[in-house]
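Residue numbers (our numbering), protein chains in the order written: chain A, 3 to 304; chain B, 15 to 168.
What the hints contain is simulated information worked out from the structure, not anything from laboratory work. Remember, predicted model here, so these are calculated numbers, not experimental data. Every residue, glycine too, gets a C-beta built ideally from N, C-alpha and C. One should not assume that every hint holds.
[Unchecked claim] Far from chain B, by Cβ distances over 12 Å, these chain A residues were calculated:
1) 8
2) 21
3) 39
4) 55
5) 100
6) 109
7) 141
8) 147
9) 179
10) 191
11) 271
12) 298
[Unchecked claim] Pairwise CB distance ranges (calculated):
13) A:295 <-> B:92: 57 to 65 Å
14) B:137 <-> A:144: 46 to 54 Å
15) B:114 <-> A:60: 46 to 54 Å
16) B:150 <-> A:271: 53 to 61 Å
17) A:269 <-> B:26: 28 to 36 Å
18) B:129 <-> A:269: 41 to 49 Å
19) A:207 <-> B:135: 13 to 21 Å
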Amino acid sequence: MMAPVAEFRSACSTEEAVTWLAELGADGCVLAGGTDVMMQYARHELGPAAFVHIEGIEELAGVGRDGVVRIGALVTHRRLAEDAALRTSNPALADAAATVGGWQTQSVGTLGGNLCNGSPAADSAPPLLVADATVELQSRAGIRRVPLEEFFLGRRRVDRRPEELLTAVEVEPLGSRQAEVYLKVGRRGAMVVAVVGLAARLSFDARGAIAAARVALCSAAPTPLRVRSVEQALVGLDAALPGWQDATSPSLRDGIDALMHAVSPIGDLRSSEAYRRAVLPGLLARAIEICRARAGVGVPEG
Amino acid sequence: MEIEVTVNGVVRGVEVRPHETLLALLRDRLGLRGAKNGCSEGECGACTVLLDGAPIDACIYPAAACAGRSVTTVEGLAPPDGELTALQRAFVDSGAVQCGFCTPGLLMTLHALLAERAAPSEAEVRRAIVGNICRCTGYAHVVDAVAQAVGARR
Ligand SMILES: Cc1cc2nc3c(=O)[nH]c(=O)nc-3n(C[C@H](O)[C@H](O)[C@H](O)COP(=O)(O)OP(=O)(O)OC[C@H]3O[C@@H](n4cnc5c(N)ncnc54)[C@H](O)[C@@H]3O)c2cc1C
């Protein structure tokens with residue numbers, strides 16, 4: 003039995019939070035919405051001396067736009083799912099946020115918490131990866147910017163030092179002739195951790211063929227990951243050609259082969275390894291179809 | 015530590031422990047037993063209360079984080095004269111209460127929905143309550159109750 007947490011400190015500013023984190027070192031635990039922390043605490047998976055509660059730090063709760071979209075660490079899944087401007091600039095992130103737990107989870111669960119928790123199943127990770135996200139970490143020593151792809155080190159391990167606070171995530175908004183989607187497979191339609199999740203951001207040329215692709219996954223490896231080999235294989239794929247979904251089109255077949263090589267799913271209580279592998283090809287094809295529809299390519303005009 | 019939290023409109027000064035959940039504070043120390051302890055893991059929604067108007071699972075939310083904020087429980091829905099809200103009345107009338115364990119949580123989530131949308135669609139109602147498990151009604155009576163409450167408010 004671990005000692006109960008001795009202290010609860012509520013920070014009013016980033017400055018205050020990073021001062022406390024520096025002082026506490028490994029004895030401190032950042033607490034945002036608590037949807038992961040409180041459960042892990044109840045299960046005796048962590049036993050910090052002090053919680054550093056950050057929900058009251060207003061400067062971390064905003065969304066800014068200046069070429070890139072800057073999303074504060076405290077922005078909740080509910081806001082990501084409902085905010086009209088975010089749904090336009092980063093629709094896959096909105097798709098993902100809407101699948102996190104239930105409304106109760108989304109009300110308090112934050113983007114920063116989802117990333118720092120380091121789960122291989124973090125739903126916000128694939129949409130952020132396809133938007134080339136960079137995370138910003140702040141400590142008393144200064145600010146460090148880390149590409150999200152490098153932030154995930156391993157199962158439940160992220161590149162954050164105990165004295166650092168994740169302050170914001172910067173993402174590229176969708177460009178013209180681009181579309182994106184996040185697809186999640188779960189055991190029911192809601193309130194489930196992903197069996198696998200896949201995000202795709204596709205750019206189309208004037209004819210409607212894929213000009214560039216970004217694809218990322220969760221629950222398919224020890225960390226969420228971008229699959230560049232798949233991205234390369236999809237370039238040139240013309241989903242207007244009949245039969246492309248049946249893997250007769252070379253690009254899709256190459257994409258699926260690359261996908262199967264890139265993943266290393268595990269079998270656990272949510273799904274077998276074989277099932278995870280079995281659903282991925284169909285998910286990739288569906289993502290392409292949805293992106294085409296969302297981008298309005300291949301849809302007859304008039 | 016000592017915090018001040020507004021519970022059902024009344025400011026309360028309470029001593030809380032750093033790891034104490036909001037649900038433990040409400041049930042064990044403030045005597046508000048409407049919110050239920052079902053799964054203790056944020057899965058079932060029986061403990062749903064409103065924090066500054068938003069539905070949350072009180073079983074996994076720290077009490078200390080509620081300092082200076084406003085919590086509404088099922089006990090705070092009806093005014094002191096005891097007149098039920100339109101939604102509570104509709105729950106009773108349409109058989110949406112069977113064993114009753116999920117009822118307080120469902121009421122809180124649905125009150126939050128009706129505060130956002132005057133006349134939610136059936137799909138919106140069903141989506142709002144994905145985090146509230148009911149094993150008796152199959153949700154049909156619950157959906158009916160919302161429609162009835164919306165009709166009554168018109
Ligand atoms: C019922 C239920 C269902 C869930 N369903 C899903 C789901 O479908 N998909 C999914 O991805 N997740 C799910 N989760 C997990 C969780 O809700 C999310 O990961 C959420 O985004 C965590 O955010 P939080 O603010 O609650 O984090 P917290 O629990 O407060 O923190 C999580 C971790 O991040 C650290 N941390 C938080 N914020 C910061 C910061 N700004 N800087 C540095 N460190 C920080 C904390 O120290 C902790 O290690 C679910 C949880 C529950 C209880």
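Status of the hints after comparison with the structure:
1. 8: violated (7 Å)
2. 21: Answer for residue 21 of chain A: holds, closest chain B Cβ roughly 19 Å.
3. 39: violated (9 Å)
4. 55: violated (5 Å)
5. 100: violated (9 Å)
6. 109: violated (4 Å)
7. 141: holds (23 Å)
8. 147: holds (29 Å)
9. 179: holds (31 Å)
10. 191: violated (8 Å)
11. 271: Consistent with the label, residue 271 of chain A stays out of reach of chain B, its closest Cβ about 14 Å off (over 12 Å).
12. 298: Fine: 25 Å to the nearest Cβ keeps residue 298 of chain A off the interface.
13. A:295 <-> B:92: 57 to 65 Å: At 47 Å between Cβs, range violated.
14. B:137 <-> A:144: 46 to 54 Å: At roughly 48 Å between Cβ atoms, residue 144 of chain A and residue 137 of chain B fall inside 46 to 54 Å, so the hint holds.
15. B:114 <-> A:60: 46 to 54 Å: Violated, since residue 114 of chain B and residue 60 of chain A (Cβ atoms, about 40 Å apart) do not stay within the stated range.
16. B:150 <-> A:271: 53 to 61 Å: For residue 271 of chain A against residue 150 of chain B, whose Cβ atoms are near 27 Å apart, the range 53 to 61 Å is violated.
17. A:269 <-> B:26: 28 to 36 Å: violated (49 Å)
18. B:129 <-> A:269: 41 to 49 Å: Check passed, 44 Å falls within 41 to 49 Å.
19. A:207 <-> B:135: 13 to 21 Å: Cβ of residue 207 of chain A to Cβ of residue 135 of chain B: about 38 Å, so the range 13 to 21 Å is violated.
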